[in-house]
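**Student:** Going by my numbering, the sequence shown opens with residue 5, and the numbers climb by one from there.
Treat the hints with caution; some may be incorrect.
Stated by the list, open to error - In silico lysine to any residue, SDA-like type, Cα no more than 25 Å apart, as pairs: (1) Lys-88 with Asp-112; (2) Lys-153 with Val-113; (3) Lys-153 with Arg-102; (4) Lys-17 with Ala-43; (5) Lys-157 with Thr-53; (6) Lys-163 with Pro-18; (7) Lys-153 with Thr-132; (8) Lys-163 with Trp-121.
Worth flagging that the hints you see were computed from the coordinates, not collected in a lab.
Bear in mind the structure is a predicted one, so any value in this text is a computation, not a measurement.
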Amino acid sequence: MECGLNHTADLYKPIPQVLAEHPGVDGYCYFEFHAPWMAYSGFSQRDNTDFLSGAESARVYMRSNEIMCPNDPGMNKGPAREIKYLGDNGSTITLFDRHVDCNHINADVKYCHALGWLGNQVDTALMTDPDAWRSLNERECERLNETYKFTEKEITVGKHIDDQEWIFADY
């Protein structure tokens with residue numbers, strides 16, 4: 005596996021191209037050097053059959069990572085906060101989170117809400133059925149590509165990293 009290595013040359017290549025050039029590699033593993041939120045958890049998402057445990061492992065990892073969660077106050081012990089972002093039509097969307105414990109929560113709430121994946125927007129019960137969860141994943145990728153007509157330049161890890169300042173910005 006090529007985990008934790010510098011793959012700067014591939015940051016601005018479309019993700020499907022990178023994965024095709026490196027068959028069998030896990031994308032999280034391949035790009036984890038460049039973004040702490042892409043930490044490889046030791047198992048391939050492709051082979052995963054327990055998405056609930058995977059999500060819990062990711063939560064525990066992010067809370068223990070100094071970059072993602074410095075001075076962790078503990079689960080659900082952070083301050084309440086309004087979280088705002090610009091919606092598709094340019095309007096300001098305002099959400100309220102009762103406990104912003106870690107740095108990444110601000111961005112995760114915006115990101116997941118905008119994509120329709122926050123709270124009751126998606127049936128998380130499907131996480132216990134790996135085939136159903138993967139099927140939802142495929143449908144969501146198709147929906148997002150149909151909705152936003154992403155260009156090859158927009159589906160790169162480099163673009164995602166470049167957008168972090170914008171994602172974390174307060175509106």
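**Student:** Now look at each hint and say whether the structure bears it out.
**Tutor:** Going down the list of hints, with the structure as the test:
no., hint, result
1, Lys-88 with Asp-112, "12 Å, holds"
2, Lys-153 with Val-113, "23 Å, holds"
3, Lys-153 with Arg-102, "34 Å, violated"
4, Lys-17 with Ala-43, "20 Å, holds"
5, Lys-157 with Thr-53, "32 Å, violated"
6, Lys-163 with Pro-18, "10 Å, holds"
7, Lys-153 with Thr-132, "31 Å, violated"
8, Lys-163 with Trp-121, "21 Å, holds"
In terms of the numbered hints stated before, the structure departs from hints 3, 5 and 7, listed from lowest to highest.
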